[in-house]
Amino acid sequence: MFGMDARNLGIDLGTANTLVFVKGKGIVVREPSVVAMETKTNQIIAIGNEAKNMIGRTPGNIVTVCPMKDGVIADYETTAMMMNHFIKKTKKPSILSNKQYVMVCIPSGVTTIERRAVINAAKQAGARDAFLIEEAFAAAIGSGLPVWEPTGSMVVDIGAGTTEVAVISLGGIVISHSIRVAGNEMDQSIISYIRKKYNLIIGERTAESIKMEIGAVGDIEGIASMEIRGRDQLTGLPKIIEIQAKDVRNALSDTVYSIIESVKNTLENTPPELAADIMDSGIILTGGGALLGNLDKVISEETQIHALIANDPLDCVAIGIGTALENIHLFKTKAK
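When we follow our numbering, the leftmost residue of the sequence shown carries the number 137, and every step to the right adds one.
Careful: at least some of the hints might be erroneous.
Claimed, not checked - Here are the computed lysine-lysine pairs in the DSSO-like style, where the Cα-Cα straight-line distance is at most 27 Å: (1) Lys-375 to Lys-400; (2) Lys-225 to Lys-159; (3) Lys-161 to Lys-400; (4) Lys-176 to Lys-159; (5) Lys-205 to Lys-375; (6) Lys-176 to Lys-161.
To be verified - Label-pair distances were calculated between CB atoms; the ranges are: (7) Gly-196 to Leu-373: 15 to 25 Å; (8) Asn-405 to Pro-374: 48 to 58 Å; (9) Asn-185 to Lys-332: 52 to 62 Å; (10) Glu-397 to Asp-448: 40 to 50 Å; (11) Trp-284 to Asn-401: 21 to 31 Å; (12) Gly-307 to Gly-192: 18 to 28 Å; (13) Ser-328 to Gly-308: 31 to 41 Å; (14) Glu-397 to Gly-308: 20 to 30 Å; (15) Thr-371 to Ile-249: 44 to 54 Å; (16) Glu-462 to Asn-256: 17 to 27 Å; (17) Ile-180 to Thr-371: 29 to 39 Å; (18) Asn-178 to Ile-356: 45 to 55 Å; (19) Tyr-212 to Ala-360: 17 to 27 Å.
Hints in this document: simulated from the structure, not taken from any laboratory. Source: prediction; values computed, not measured. Backbone N, C-alpha and C fix where the C-beta goes; we use that ideal spot for every residue, glycine too.
Go ahead and model the full structure; you've got the sequences and the hints to work with.
And the structure:
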(Lines of atoms letter the chains of each structure in order from A and count residues from 1; the text may use other names and numbers.)
(Lines give C-alpha, C1' and ligand atoms only; values in the text may rest on other atoms or scores of the structure.)
Protein backbone atom coordinates (compact mmCIF):
# COMPACT_ATOMS: atom_id res chain seq x y z
CA MET A 1 0.00 0.00 0.00
CA PHE A 2 2.83 2.38 0.86
CA GLY A 3 5.39 0.74 -1.40
CA MET A 4 8.49 2.65 -2.35
CA ASP A 5 7.89 5.09 -5.21
CA ALA A 6 10.82 6.56 -7.08
CA ARG A 7 9.33 9.98 -6.42
CA ASN A 8 9.19 9.56 -2.66
CA LEU A 9 11.67 11.75 -0.81
CA GLY A 10 13.64 11.57 2.40
CA ILE A 11 14.44 14.87 4.10
CA ASP A 12 17.01 15.42 6.82
CA LEU A 13 15.62 18.71 8.09
CA GLY A 14 18.53 19.84 10.22
CA THR A 15 19.20 22.91 12.31
CA ALA A 16 22.20 23.86 10.18
CA ASN A 17 21.66 22.00 6.89
CA THR A 18 18.88 20.30 4.99
CA LEU A 19 19.59 17.22 2.88
CA VAL A 20 17.13 15.62 0.47
CA PHE A 21 17.46 11.99 -0.61
CA VAL A 22 15.91 10.59 -3.80
CA LYS A 23 15.91 6.87 -4.60
CA GLY A 24 18.38 5.98 -7.31
CA LYS A 25 20.11 9.34 -7.07
CA GLY A 26 21.12 9.54 -3.43
CA ILE A 27 21.48 12.95 -1.82
CA VAL A 28 20.44 15.53 -4.42
CA VAL A 29 20.10 18.62 -2.20
CA ARG A 30 22.55 19.69 0.49
CA GLU A 31 22.05 23.30 1.55
CA PRO A 32 22.04 25.40 4.73
CA SER A 33 18.72 25.72 6.56
CA VAL A 34 18.82 29.49 6.20
CA VAL A 35 16.30 31.93 4.76
CA ALA A 36 16.82 35.64 3.91
CA MET A 37 13.73 37.83 4.23
CA GLU A 38 12.73 41.46 3.66
CA THR A 39 11.66 42.78 7.06
CA LYS A 40 8.72 44.98 6.04
CA THR A 41 7.01 42.60 3.62
CA ASN A 42 8.31 39.26 4.98
CA GLN A 43 9.07 38.37 1.38
CA ILE A 44 11.69 35.64 0.96
CA ILE A 45 14.71 36.86 -0.95
CA ALA A 46 17.00 33.83 -0.78
CA ILE A 47 17.11 30.29 0.62
CA GLY A 48 19.97 27.90 1.32
CA ASN A 49 23.50 28.66 0.14
CA GLU A 50 22.61 32.09 -1.19
CA ALA A 51 20.96 33.06 2.10
CA LYS A 52 23.88 31.78 4.20
CA ASN A 53 26.30 33.91 2.22
CA MET A 54 24.29 36.94 3.34
CA ILE A 55 24.71 36.26 7.08
CA GLY A 56 26.38 39.24 8.73
CA ARG A 57 26.35 41.20 5.49
CA THR A 58 22.73 42.31 5.11
CA PRO A 59 21.37 45.88 5.18
CA GLY A 60 18.79 46.85 7.79
CA ASN A 61 15.80 45.87 5.67
CA ILE A 62 16.95 42.25 5.21
CA VAL A 63 17.36 39.60 7.89
CA THR A 64 18.66 36.05 7.71
CA VAL A 65 16.77 33.52 9.81
CA CYS A 66 17.22 29.87 10.66
CA PRO A 67 13.66 28.46 10.88
CA MET A 68 14.93 25.31 12.60
CA LYS A 69 16.16 25.56 16.18
CA ASP A 70 17.54 22.67 18.20
CA GLY A 71 16.30 20.24 15.56
CA VAL A 72 12.66 21.38 15.64
CA ILE A 73 10.60 23.96 13.81
CA ALA A 74 10.89 27.43 15.31
CA ASP A 75 9.19 29.24 12.42
CA TYR A 76 6.45 27.14 10.84
CA GLU A 77 5.60 29.19 7.74
CA THR A 78 9.23 29.83 6.82
CA THR A 79 10.12 26.16 7.28
CA ALA A 80 7.29 25.09 4.96
CA MET A 81 8.46 27.52 2.28
CA MET A 82 12.06 26.37 2.70
CA MET A 83 11.03 22.71 2.34
CA ASN A 84 8.99 23.55 -0.75
CA HIS A 85 12.03 25.25 -2.26
CA PHE A 86 14.28 22.26 -1.62
CA ILE A 87 11.69 19.80 -2.91
CA LYS A 88 11.48 21.76 -6.17
CA LYS A 89 15.26 21.59 -6.47
CA THR A 90 15.07 17.80 -6.70
CA LYS A 91 13.84 18.39 -10.27
CA LYS A 92 10.84 16.18 -9.60
CA PRO A 93 7.83 18.45 -10.07
CA SER A 94 5.61 15.35 -9.98
CA ILE A 95 5.85 15.36 -6.19
CA LEU A 96 3.94 18.62 -6.19
CA SER A 97 1.30 17.46 -8.63
CA ASN A 98 0.85 13.82 -7.61
CA LYS A 99 1.46 14.38 -3.90
CA GLN A 100 3.99 11.66 -3.14
CA TYR A 101 5.21 10.61 0.29
CA VAL A 102 7.94 12.36 2.26
CA MET A 103 9.89 10.99 5.22
CA VAL A 104 11.34 13.60 7.58
CA CYS A 105 13.89 13.16 10.34
CA ILE A 106 13.20 14.46 13.87
CA PRO A 107 15.08 14.42 17.20
CA SER A 108 13.99 11.72 19.64
CA GLY A 109 12.97 14.18 22.34
CA VAL A 110 10.39 16.19 20.39
CA THR A 111 6.85 16.70 21.67
CA THR A 112 3.64 15.60 19.97
CA ILE A 113 3.01 19.19 18.95
CA GLU A 114 6.47 19.44 17.38
CA ARG A 115 5.89 16.18 15.52
CA ARG A 116 2.62 17.48 14.14
CA ALA A 117 4.30 20.73 13.07
CA VAL A 118 6.82 18.79 10.96
CA ILE A 119 4.10 16.72 9.31
CA ASN A 120 1.98 19.78 8.54
CA ALA A 121 4.97 21.67 7.15
CA ALA A 122 5.78 18.78 4.81
CA LYS A 123 2.18 18.62 3.61
CA GLN A 124 2.09 22.36 3.06
CA ALA A 125 5.28 21.97 1.04
CA GLY A 126 3.49 19.57 -1.31
CA ALA A 127 3.65 16.08 0.20
CA ARG A 128 0.69 13.71 0.04
CA ASP A 129 1.61 12.52 3.50
CA ALA A 130 4.62 12.76 5.77
CA PHE A 131 6.23 10.09 7.91
CA LEU A 132 8.68 10.65 10.72
CA ILE A 133 11.85 8.83 11.65
CA GLU A 134 13.95 9.54 14.70
CA GLU A 135 17.33 11.02 13.94
CA ALA A 136 19.35 8.49 15.92
CA PHE A 137 17.57 5.57 14.25
CA ALA A 138 18.19 7.01 10.79
CA ALA A 139 21.85 7.62 11.68
CA ALA A 140 22.20 4.01 12.84
CA ILE A 141 20.72 2.71 9.58
CA GLY A 142 22.91 5.01 7.51
CA SER A 143 26.06 3.96 9.35
CA GLY A 144 25.38 0.30 8.60
CA LEU A 145 24.47 -0.89 12.09
CA PRO A 146 22.36 -4.10 12.32
CA VAL A 147 19.31 -2.24 13.63
CA TRP A 148 16.83 -5.02 12.75
CA GLU A 149 18.75 -7.80 14.49
CA PRO A 150 18.40 -8.92 18.14
CA THR A 151 21.65 -7.26 19.16
CA GLY A 152 22.42 -3.95 20.79
CA SER A 153 23.88 -1.09 18.77
CA MET A 154 24.75 2.36 20.07
CA VAL A 155 24.89 5.54 18.01
CA VAL A 156 25.81 9.09 19.02
CA ASP A 157 24.66 11.60 16.43
CA ILE A 158 26.09 15.09 17.02
CA GLY A 159 24.35 17.56 14.77
CA ALA A 160 24.11 21.33 14.91
CA GLY A 161 21.21 21.73 17.32
CA THR A 162 21.01 18.42 19.17
CA THR A 163 23.08 15.43 20.20
CA GLU A 164 21.16 12.17 19.98
CA VAL A 165 22.36 9.12 21.90
CA ALA A 166 20.46 5.89 21.38
CA VAL A 167 20.67 2.16 21.91
CA ILE A 168 18.88 0.22 19.18
CA SER A 169 17.76 -3.38 18.86
CA LEU A 170 15.16 -5.30 16.81
CA GLY A 171 14.15 -2.32 14.71
CA GLY A 172 13.46 0.05 17.58
CA ILE A 173 15.08 2.44 20.01
CA VAL A 174 15.41 0.76 23.40
CA ILE A 175 16.69 3.82 25.22
CA SER A 176 17.65 7.27 24.02
CA HIS A 177 18.82 10.59 25.35
CA SER A 178 18.56 13.87 23.46
CA ILE A 179 20.28 17.05 24.57
CA ARG A 180 20.18 20.43 22.90
CA VAL A 181 23.94 20.74 23.05
CA ALA A 182 25.81 20.19 19.80
CA GLY A 183 27.65 22.03 17.02
CA ASN A 184 25.93 25.40 17.47
CA GLU A 185 26.65 25.33 21.18
CA MET A 186 30.30 24.66 20.37
CA ASP A 187 30.38 27.72 18.10
CA GLN A 188 28.86 29.91 20.81
CA SER A 189 31.41 28.60 23.34
CA ILE A 190 34.25 29.57 21.00
CA ILE A 191 32.76 33.04 20.48
CA SER A 192 32.44 33.57 24.23
CA TYR A 193 35.95 32.28 24.99
CA ILE A 194 37.63 34.45 22.34
CA ARG A 195 35.76 37.51 23.60
CA LYS A 196 36.78 36.90 27.21
CA LYS A 197 40.41 36.00 26.60
CA TYR A 198 41.31 38.23 23.67
CA ASN A 199 38.65 40.98 23.81
CA LEU A 200 37.87 40.06 20.21
CA ILE A 201 34.34 39.83 18.86
CA ILE A 202 33.89 37.23 16.12
CA GLY A 203 30.85 35.96 14.26
CA GLU A 204 29.32 32.50 14.01
CA ARG A 205 30.89 31.76 10.65
CA THR A 206 34.37 32.51 12.01
CA ALA A 207 33.70 30.36 15.08
CA GLU A 208 32.60 27.49 12.86
CA SER A 209 35.76 27.82 10.77
CA ILE A 210 37.89 27.73 13.93
CA LYS A 211 36.10 24.59 15.12
CA MET A 212 36.54 22.84 11.78
CA GLU A 213 40.18 23.82 11.23
CA ILE A 214 41.82 23.45 14.66
CA GLY A 215 39.02 22.20 16.89
CA ALA A 216 40.04 19.28 19.09
CA VAL A 217 39.58 17.89 22.58
CA GLY A 218 41.79 15.89 24.92
CA ASP A 219 45.55 15.70 24.34
CA ILE A 220 46.50 17.74 21.28
CA GLU A 221 49.41 16.45 19.25
CA GLY A 222 51.63 19.10 17.71
CA ILE A 223 50.98 22.82 17.87
CA ALA A 224 48.10 24.00 15.69
CA SER A 225 47.27 27.67 15.35
CA MET A 226 45.04 29.83 13.23
CA GLU A 227 44.88 33.50 12.30
CA ILE A 228 41.43 35.01 12.83
CA ARG A 229 39.84 38.38 12.18
CA GLY A 230 37.27 40.19 14.28
CA ARG A 231 36.44 43.45 16.00
CA ASP A 232 38.38 44.64 19.02
CA GLN A 233 35.96 44.91 21.93
CA LEU A 234 37.83 47.86 23.43
CA THR A 235 38.58 50.02 20.41
CA GLY A 236 35.81 48.88 18.10
CA LEU A 237 38.33 48.54 15.27
CA PRO A 238 39.10 45.47 13.10
CA LYS A 239 41.85 43.27 14.53
CA ILE A 240 43.80 40.16 13.58
CA ILE A 241 45.09 37.69 16.18
CA GLU A 242 46.49 34.17 16.25
CA ILE A 243 44.84 31.56 18.44
CA GLN A 244 46.09 28.12 19.46
CA ALA A 245 44.36 24.76 19.37
CA LYS A 246 44.50 24.66 23.15
CA ASP A 247 42.26 27.76 23.18
CA VAL A 248 39.62 25.84 21.27
CA ARG A 249 40.04 22.82 23.54
CA ASN A 250 39.45 25.01 26.59
CA ALA A 251 36.49 26.71 24.96
CA LEU A 252 34.80 23.39 24.14
CA SER A 253 35.46 21.59 27.42
CA ASP A 254 32.03 22.18 28.98
CA THR A 255 30.15 21.32 25.77
CA VAL A 256 32.10 18.11 25.25
CA TYR A 257 31.59 17.18 28.91
CA SER A 258 27.81 17.48 28.43
CA ILE A 259 27.93 15.15 25.43
CA ILE A 260 30.07 12.60 27.28
CA GLU A 261 27.73 12.70 30.28
CA SER A 262 24.79 12.02 27.95
CA VAL A 263 26.59 8.97 26.57
CA LYS A 264 27.37 7.73 30.09
CA ASN A 265 23.80 8.25 31.30
CA THR A 266 22.46 6.26 28.36
CA LEU A 267 24.90 3.42 29.01
CA GLU A 268 23.98 3.35 32.70
CA ASN A 269 20.33 2.79 31.80
CA THR A 270 20.96 0.22 29.06
CA PRO A 271 19.80 -3.36 29.73
CA PRO A 272 22.78 -5.58 30.63
CA GLU A 273 22.50 -7.87 27.62
CA LEU A 274 22.50 -4.95 25.21
CA ALA A 275 25.34 -3.29 27.10
CA ALA A 276 27.40 -6.44 26.57
CA ASP A 277 26.68 -6.24 22.83
CA ILE A 278 27.83 -2.63 22.75
CA MET A 279 31.06 -3.61 24.50
CA ASP A 280 31.76 -5.83 21.49
CA SER A 281 30.47 -3.62 18.67
CA GLY A 282 31.52 -0.23 20.04
CA ILE A 283 29.93 3.21 19.93
CA ILE A 284 29.35 4.72 16.49
CA LEU A 285 29.70 8.50 16.11
CA THR A 286 27.81 10.32 13.36
CA GLY A 287 27.01 13.91 12.43
CA GLY A 288 29.31 16.86 11.89
CA GLY A 289 30.31 16.94 15.55
CA ALA A 290 31.83 13.48 15.19
CA LEU A 291 34.63 15.09 13.18
CA LEU A 292 35.84 17.15 16.14
CA GLY A 293 39.46 16.17 16.66
CA ASN A 294 40.08 13.38 19.22
CA LEU A 295 36.42 13.21 20.27
CA ASP A 296 36.25 9.49 19.51
CA LYS A 297 39.37 8.89 21.62
CA VAL A 298 38.02 10.90 24.56
CA ILE A 299 34.69 9.06 24.51
CA SER A 300 36.57 5.75 24.39
CA GLU A 301 38.66 6.75 27.39
CA GLU A 302 35.66 7.98 29.40
CA THR A 303 33.41 4.98 28.72
CA GLN A 304 36.02 2.23 28.32
CA ILE A 305 34.18 1.24 25.13
CA HIS A 306 35.72 1.61 21.68
CA ALA A 307 34.23 4.58 19.85
CA LEU A 308 34.65 5.02 16.13
CA ILE A 309 33.51 7.49 13.51
CA ALA A 310 31.07 6.19 10.92
CA ASN A 311 31.81 6.31 7.22
CA ASP A 312 30.32 9.51 5.77
CA PRO A 313 29.27 10.84 9.20
CA LEU A 314 27.74 13.97 7.67
CA ASP A 315 25.45 11.92 5.44
CA CYS A 316 24.49 9.01 7.71
CA VAL A 317 21.10 10.42 8.64
CA ALA A 318 20.10 11.20 5.04
CA ILE A 319 21.33 7.82 3.83
CA GLY A 320 19.41 6.14 6.65
CA ILE A 321 16.23 7.98 5.70
CA GLY A 322 16.68 6.85 2.12
CA THR A 323 17.00 3.23 3.24
CA ALA A 324 13.98 3.59 5.53
CA LEU A 325 11.91 4.78 2.56
CA GLU A 326 11.98 1.18 1.36
CA ASN A 327 9.82 0.33 4.38
CA ILE A 328 7.87 3.56 4.69
CA HIS A 329 4.69 1.69 5.67
CA LEU A 330 6.32 0.73 8.99
CA PHE A 331 6.38 4.39 9.97
CA LYS A 332 2.72 5.11 9.31
CA THR A 333 1.61 4.75 12.91
CA LYS A 334 4.66 6.56 14.24
CA ALA A 335 3.84 9.65 12.24
CA LYS A 336 0.38 10.10 13.67
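Output the indices of the hints that this structure fails to meet, ascending. 1, 3, 4, 5, 6, 9, 10, 12, 19
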